[in-house]
Each structure stands twice: as structure tokens, then as C-alpha cells.
Amino acid sequence: MSREILLGDEAVGLGAIHSGMSGVYAYPGTPSTEIFEFVERATKKAGNVHAFWSTNEKVAYEEALGMSWAGKRALVCMKHVGLNVAADAFMNSAVTGTNGGLVLAVADDPGMHSSQNEQDSRYFAQFALIPCFEPRNQQECYDMMFEAFDMSEELALPVMIRLVTRIAHSRAGVRTRPAREQNPLNPSRDIKKWTLLPSNARVQYKHLTEKQPILLQRSEESPHNELVLAGKKGIITCGLAENYLRENISESDYSILSIRQYPVPAGKIRDLVGHVDELLILEDGYPLVESMIRGLFGLAGVKVQGRMTGEVPRTGELDPDIVRAALGLAPLPAAHAPAADLANRPPALCKGCPHTDSFRALNEALSTFDNPQVFSDIGCYTLAALPPLEAIHSCVAMGASIGMAAGAAHAGYTPAVAAIGDSTFSHGGITPLLSAVQQGVNLNVLVLDNDTVGMTGTQRSMSTGETLDQIILGAGIAGEHLRVITPTPRNHETNVEIFREELAYDGPSVIIARRTCLEAIKRA
Amino acid sequence: MEKNIILAGVGGQGILSIAFVIDNAALDAGFEFKQAEVHGMAQRGGAVQSNLRYADHEIHSDLIPKGAADMVLSVEPLEVMRYWHFLRPDGWVVSSVTPYINIPDYPETDLVLDQLATFPNCILVDGGLIAKAAGNLRAQNMVAVGAASSRLDFTEDQLLKYVEALFKPKGEKIVEVNQRAFRYGRAAGLFFRGLVDAGMTIPSALRLSQKIAPETYDPALAADWFAGVGRDERRLESVLAADETITCDRIPARA
Ligand code: SF4
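Going down the list, the sequences are from chains W and V.
Quick note on the numbering used here: the first sequence kicks off at 6 and runs consecutively.
Quick note on the numbering used here: the second sequence kicks off at 555 and runs consecutively.
Simulated restraints on C-beta separations:
| no. | chain 1 | residue 1 | chain 2 | residue 2 | range |
| --- | --- | --- | --- | --- | --- |
| 1 | W | V233 | V | E769 | 55 to 61 Å |
| 2 | W | I254 | V | R788 | 55 to 61 Å |
| 3 | W | I254 | V | T672 | 30 to 36 Å |
| 4 | W | P189 | V | R692 | 46 to 52 Å |
| 5 | V | A719 | W | K211 | 52 to 58 Å |
Quick caveat, the hints were computed from the structure, so don't treat them as lab data.
Nothing here was measured: the structure is a model prediction, and the numbers come from that model.
For every residue, glycine included, the Cβ atom is placed at its ideal position computed from N, Cα and C.
Just chain W, with the same shape it has in the complex (with noise of 0.2 Å):
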């Protein structure tokens, strides 16, 4: 049968097409956009898939479970920290529960290659109680979308796809399946399901506690929680630790059990830990299961090993020479020693791009302040935190540079000074300038309008141009205090000055430096 070369993460999206998704919604985020970006493509000419960037995964997930109420499958997909985005919707929707199916794509980055933490989804579905499934490879992000859609309409529940940078950007043949059709419109008409009041919440939150046993049960019956016992020593591994462990042993004699379906197979577990003398465990993320089954209390007549006793490293990706390590065995020869001291080739700005030409004015606009700080935010501006720029002093999430230059401000730091990029602004920008205009605070936001979401691969972008003018005059930034400028190296002299004229300005206000990002003009 025929293959098609597929990414971990378009394989999702192609597993949600043939299982008859109706939407797919998200806001970019590495490593998880290509989930998206390959439905869109996919689907453009058969028009039959709602295909459309959200302003943030607050919103992606609420369109997709308004989706799901309709009757129709729909997907929706975030890296993990877009997840704490969405969350207020996502731990919500597990209570109401869904009508038609509702799958929740995150993509975790251990190891952090793109992102400001490693933390792991597989407790945010432990915590939402709901289905989780861990892919080891593409062929199974494929598979078990159908898994997760049929699992998602026969529970009611929202069901969760975990994946890890290493699936998600990895390429590999596929076989695919007949697509199944979509589902007609069919909203769902039990109100008090969908209407959170106490006194509906509390059914719900019940029947919810409810379902448990079953997911349990699901878990140990599932094909994807394999046992296999043979000698005292027992390995576990989650998701694609399997692989890693495969690459280093072939014929052995460990007792082995693979997760890659969640609530944990408690009962597996539990013959596993009674048939073994000592227990390495493997998965690429936080120990969830390692600290799930050391307890409070330890196990007692077994030797548990893995990321919190230090035979795997408590931080940080997994990959077969740390697995081979925790095995206990050598390393295997190499052709030459690892370079020591090589130079280094960190990412950087594009050459020519606006956003150096807008930090190169703040910077100078700055010097006559002391020390001057500036907060900031998440995209390709993050670099000009490294040399030569140096120009921002802090990136933590998203939006959250307005609310802290407000907060330091409170606090009678002058300048404050944000600095955020034009779809970061729409993502969580605009909020907190809402309440730092009404709270009259004394900060200047600088928002870097490159007409797209550059970092990610040039996404649209929800507030650019005249609509990010119409937000800001909106959110109540008095119109001289709305600056526009074009940041190019021929207008620095006066883009300088109108940096300083606002900075001299008791109050909030805004610059927006607009000039359109080189790779989107090189796409478009």
C-alpha cells in the first residue's frame, strides 16, 4: 500500500481529516503549527473544513467546542504552554463534556528548543481527567486520531493527543485510510450540560468521576499499554522513550511495559512492580509516572530509577545515548571526540529587519536613562534580547510584557517600557493595556507591526495595520498619544526623537513601528 511522507505533526492533521474533523482551530506555537498549516493546505479546495488561525488557544478551544455542541468533529491543537492559555476553557470542557468529537492536539517541547519551559501535558490531561494518547511515531499520530474521535463521541469527553518535538518535527512514511464522512449538524439540546451553574456543575463534575472507571479500564484493555514479563528487571517506558530503548537493545530479557495510553494502566503496573526486583523508567517529559508509582512512601522491595533518582537527567529530552546511559551500557565508538570550544551560531535577526532598525531608535532613545529596562514579549523580536541589539530584558508569556512594564510602573519605575509583536498584541496584548489606560499608568508600549507572525513561519496575523489602530484607539489611547513610525534606517533620527517625546509623556501611550516582515514578502 502507499506511503505518504508525513511530519508527526501532519499526520495529525491528515488522521483528522479522514476521520471526518470539521474545524481545526490554533494559534501557532513550535512545535505544534504544522498541524494546522497542513489541514489548511489539505483542505483549501474541497472548502469543507473550517480552517482559520484563532486570536490565541483560549479561543481556538472555545471555537472547538462550540464546534463540538454543534455535533460536528473538530480539532484543536497548541504547543503545551499555549495549553495554560486555554486551560479556564479546556478543564471546563471535560465537565460539560462534548457532543460531537472534540481532540485536543499539544505539543510538548522537552529539552525547550522553542519555547520558555518543558512542562508536560500528560498532567494537565491527569488533571482535566481525560483520555490521553502518546504517539511513538507518525504512523500512530495517523492512527489514533480515529481512536480519539470514536473515544471522544462514545465518552462525551474531550480527548487529548500528546506529542514531543521529536514526533511532531519528524518525517516518515505513512499508510493511510479511507476517510470516514463528516458528521451531519446535529447541536446538542441539553442545556443544563452546557450551562456551568453550580447546581448543573456539580451533576456534571460527578458524572465526570464517574467515567473514570472506564477510562481506566479502556487503558488496561488498550493495545497501546503493552506488558511483556520475562526477567527481574522491569523498564517502562512512555510514548517514544520506546524507541530510544529499542535502538539500544534488541533480544533481552527486561520485563517491559509501554504506555502510550492514558489514565496509566494502574493494574499493568501493578504486575509489572510485582514481577521485578528493580524498575528503570523512561519518558521524555516531567516523571509522571515515576512519581506516581515511587508515592509518597517509596516502593518497597523495588529499586525504582529514572529522572528523579538521576539515571536519566531530571531535565531535558530524552534520546537514545541517554537511554543507553541509564541502561548502564558504553557508549559506542566514535570517528572523533566532540569539538571543544566551537563557535557557536545562534539564531538571529534577519538581516534588514525591521525589528532592528525599531530597537536600534529605543535603544538610543533609552541611553540618557539609567540602566533603562525593557519588557517584552514573544516572537523573532525575542532575539534582540542577544548582541549586538541587547535592547529587551525579559520574555515569560504571552502578552506579558504590557502587564509587567504596568506592574513596574505601580510600583514607580520610569521608564516603563513594553515592547510586543503585532499578533502577540491580539494573542494577550490587549487586555492588560485595556486596564493599564484605565488605570492611567504611565508606560509606553512599542508594537512592532510586521503584518504577520514572523517567528512561526509567517501565520496571518489577527491585529495588524488599521484594525491594530482601532484596538488601540479603542482600548482608550488618546490619538496623539497613538505614534506611528517606519522603522527603517533612513528614518532613525526622527524616530528617535518621537521615541523621547514619548517617553517624556506622563501616561500611556503607544508606537507602532510598521513595516512588513522580509519573509512574509518573500512568501507572499
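Start from chain W and add chain V with the ligand according to the hints.
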């Protein structure tokens, strides 16, 4: 059969295009393959790599273990050094020698090349020179994959088919340029290896190949070139002293 290749270069040099060509050829040949790549922040002009594995049996890990790589295939010489500890003891270095200097502390290029020349199993080609001769400096990635192609498990046509598929949306001319870059790269690699296998030192073989017009590389002539220039530094220097590039058929008379 199992081949583990680390593709290396700098963001923007087209590492993923190389991966596309080999992935598709591997799928076409009925192999299993996995290919892990880097997206997002790391792509912006930073060091970029991709782990590409294909085999006639199941492949487990998306990542290549240290000491298991059969080849580091790099579009840039310094980037080889970032991954050479992944190579198995008899592994191959296939690299362009054209440096991409976008950092202030880039080492002396000659020192980098000396390091690469310590690998007996190496194929070094001048990607910049050859891509220019093929018609576009941006085609250095296709030169590199061409240079490596004789050590992969596909015919030249199996690979060229996907060079075409990759560039087709950009028009016939771009396809031609890139296929030409691939062919020149392949001939350059074979010619270079021909010199080395005949007995020429790696630095001499590189310098001599850089003197020859890329469109004229003929691997079949490598042994004659060695016979003509041999290990004699002075004879080599007199060839290199010519003002113009020389065609591959202008072999000096045997000593
Ligand atoms: S992608 Fe666009 S925004 Fe990002 S660095 Fe390049 S030009 Fe600047």
C-alpha cells in the same frame, strides 16, 4: 542495510531540500525511513541539522545515536565539526568547503579544512564554485547531495527525479540549474575520491579539484591526473599557478 545521515548547515542553506530528495528516494525504493528536523527559533540563521535514517528494516529512534552515523553531509565546513562525534569510526564526512561566515568568531577556514582532511573517509567539494558554474549560488545544497550521492543507496536518476519534483513549482529553469548542480557535485565528489584513492593527499586533491572547471569534471580521468601530478608538490603548484581555471582533460604529461 541501514544508513544514518546527519545533514548539517546554516538556516537558509536548504538542508530540508536535501532531506526531501533523499526521503522520497528512500520511500520510492521501499525503505523505511525517519527524518527529524529543526523548525522555529533555531532556523533563523543558526546552526541547523537534520537526522535522516533509512533502512530495509524497521527504524526505532528518530534521532541517530552517537557513534551510529554513517555520514555527516554538510553544506558548510565548520558545521561538520558540530556533529562529527556522531560518526561511527569508519563513517564518512561529505562536505562543501565553502564557508558561511555570519559570526564574528568564525575560525580560519584553512584550519577548519585541515580538520576535515584528517578523516580518511571524506569527500570535499567546493560548493560555492560548483553552484556558480551550475548557474545559481543558492544551489550549494544540491552540490552537496550530488557529492554524497555515490555513497547513498540510489541511482543517480532516482535522486534527480526528486530534485525535479522539489523545484518544479519554481519553473523549468530552476529545475535545470539544480539538477546541473547535483550532477556537477556528483562528478566533483567522484573525481576528488578518484584522486585520493589513487594516492593523492586530501588537501592536494581538494586544491586541484578547485582549479578545474566544474562543468568538465570527469571521474574517469582522476587516475591519469594523479599519474601526471603525483605526489610532486612542484608539479601540482605549476598546475595551480595557471591564471584561468583549467578543463579536466588538460592532464599534464606523466612525469
Ligand atoms: S522572519 Fe521577519 S520578523 Fe523574523 S527576523 Fe526575519 S524579517 Fe524579522
